[in-house]
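Protein chains: 2
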Amino acid sequence: MNYEEKTMKSEKVYKGKIVNLRIDTVELPDKKYSKREIVEHPGSVGIIPITDDNCMVLVKQFRKPVEKNLLEIPAGKIEINEEPRQTALRELEEETGYISNNLEYLFEFYTSPGFSNEKMYLFIATELLEGEADPENDEYIENVKIKIEDLVDMVDKGEINDSKTIIGIFYAERYINQKK
Amino acid sequence: MNYEEKTMKSEKVYKGKIVNLRIDTVELPDKKYSKREIVEHPGSVGIIPITDDNCMVLVKQFRKPVEKNLLEIPAGKIEINEEPRQTALRELEEETGYISNNLEYLFEFYTSPGFSNEKMYLFIATELLEGEADPENDEYIENVKIKIEDLVDMVDKGEINDSKTIIGIFYAERYINQKK
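Protein chains in written order, with the numbering used here: chain Z, 17 to 196; chain B, 17 to 196.
Worth double-checking, as some hints may not be accurate.
Identical copies look the same in the list; a pair holds intra-copy or inter-copy alike.
What the hints assert, rightly or not - With a Cα cut of at most 25 Å, we get these calculated DSS-like pairs of lysine-lysine:
1. Lys173 - Lys25
2. Lys135 - Lys80
3. Lys28 - Lys161
4. Lys25 - Lys80
5. Lys48 - Lys195
6. Lys31 - Lys51
7. Lys33 - Lys76
8. Lys84 - Lys25
9. Lys22 - Lys33
10. Lys28 - Lys84
11. Lys33 - Lys48
12. Lys47 - Lys196
13. Lys195 - Lys31
14. Lys33 - Lys195
15. Lys195 - Lys47
16. Lys28 - Lys51
17. Lys25 - Lys163
18. Lys163 - Lys22
19. Lys22 - Lys84
20. Lys173 - Lys135
21. Lys48 - Lys163
22. Lys48 - Lys28
23. Lys84 - Lys196
24. Lys48 - Lys196
25. Lys173 - Lys93
26. Lys47 - Lys161
I should point out that these hints are in silico values taken from the structure, not numbers from a laboratory.
Chain Z on its own, in the form it takes in the complex:
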């Protein structure tokens, strides 16, 4: 099976700084029409920074959409003309101060494919050198270094509430188990 939904009409509703919104009218397999609300996003990267002593470096920041401070892996929007790898190195250094001598691409995923095209490229960063963080003007970010085994407990207790970060922690747990 390979369904497709043919676009019959596409209406741009909003063009913003980070996201655009458009409404597509699509034709379903039964020839009926339906509407799809689509949030366009330029794509982003997430980085799993693992230190030699089996910790992860996370960032804590206020997220206006959810009105909460969240603990997350470093991440950021891909800028125009940037390759995901460049974004990953840049965001890691800006948000945490760390530089990685071993950045590896893992895989990519959509964060919310039901209503958005945001694609995230996930990287693992090891051989880390500590430096000074340098966040962007409107970013207020704090760094936290936490043991991977403690982070796994935090996920199970519901204390980590960001999808990419949960993926990162589960991946890190597998990574250090395979090193053993």
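Fit chain B to the supplied structure of chain Z, relying on the hints for placement.
Just chain B, lined up with the frame of chain Z:
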């Protein structure tokens, strides 16, 4: 540290079937103003259905925002007056036909907290009884049953491209390892 961004102005841009869009003007800790684009979403549930023979039941569906057929765990929007647990049981049955005699809440997470408030409640469903799927009118869905160990390989090979599904597969791997 506990930053907050005070809302100075809030403008509703779009009110849709699944999402709304609003633009908040916020005051940053340095008293400067910035804009936040916020996609409002009613929240959703994801279900990790694990069979007695260590498989997961996944759904394959066309996702217009990304113009692709994706393999995903069953999931869906929380309807008005619905508890997440009810949504989970309903979506599992509608999308896969399976009924679970053991549905457990795991934890919850935001799918894209940088621009959306979508929160997903994650459940694990075991003791499954096979039945007939009954998707909604505008949903065209196919069911697939795959071994958890094969799904882990598929994640590593980049063949699973949905964030909640990657979380579900990593969780399922830990779950069957703990049963051993």
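We went through each hint and held it up to the structure:
1. Lys173 - Lys25: neither (45 Å within a copy, 35 Å between copies)
2. Lys135 - Lys80: Classified as both; 21 Å inside a copy, 14 Å across copies.
3. Lys28 - Lys161: For lysine 28 and lysine 161, the Cα distance exceeds 25 Å both inside one copy (42 Å) and across copies (38 Å).
4. Lys25 - Lys80: between (32 Å within a copy, 13 Å between copies)
5. Lys48 - Lys195: neither (53 Å within a copy, 47 Å between copies)
6. Lys31 - Lys51: both (19 Å within a copy, 13 Å between copies)
7. Lys33 - Lys76: within (23 Å within a copy, 32 Å between copies)
8. Lys84 - Lys25: between (37 Å within a copy, 18 Å between copies)
9. Lys22 - Lys33: This pair counts as between: shortest inter-copy Cα distance 20 Å, intra-copy 28 Å.
10. Lys28 - Lys84: This pair counts as between: shortest inter-copy Cα distance 21 Å, intra-copy 30 Å.
11. Lys33 - Lys48: between (34 Å within a copy, 17 Å between copies)
12. Lys47 - Lys196: neither (55 Å within a copy, 49 Å between copies)
13. Lys195 - Lys31: Neither, since 46 Å and 50 Å both go past 25 Å.
14. Lys33 - Lys195: So lysine 33 and lysine 195 fail the 25 Å test inside a copy (42 Å) and across (48 Å) alike.
15. Lys195 - Lys47: Neither, since 53 Å and 47 Å both go past 25 Å.
16. Lys28 - Lys51: both (13 Å within a copy, 20 Å between copies)
17. Lys25 - Lys163: Cα proximity of lysine 25 and lysine 163: none, with 50 Å in one copy and 40 Å across.
18. Lys163 - Lys22: neither (48 Å within a copy, 33 Å between copies)
19. Lys22 - Lys84: For lysine 22 and lysine 84, only the inter-copy Cα distance (12 Å) is at most 25 Å; the intra-copy one is 39 Å.
20. Lys173 - Lys135: Intra 28 Å, inter 16 Å, cutoff 25 Å: inter-copy only.
21. Lys48 - Lys163: neither (53 Å within a copy, 36 Å between copies)
22. Lys48 - Lys28: Intra 22 Å, inter 30 Å, cutoff 25 Å: intra-copy only.
23. Lys84 - Lys196: neither (36 Å within a copy, 38 Å between copies)
24. Lys48 - Lys196: neither (55 Å within a copy, 49 Å between copies)
25. Lys173 - Lys93: Between copies only: 24 Å across, 29 Å inside.
26. Lys47 - Lys161: Neither. Shortest intra-copy (54 Å) and inter-copy (29 Å) distances fail the 25 Å Cα cut-off.
Taken one by one, the earlier hints fail for this structure at numbers 1, 3, 5, 12, 13, 14, 15, 17, 18, 21, 23, 24 and 26, listed in ascending order.
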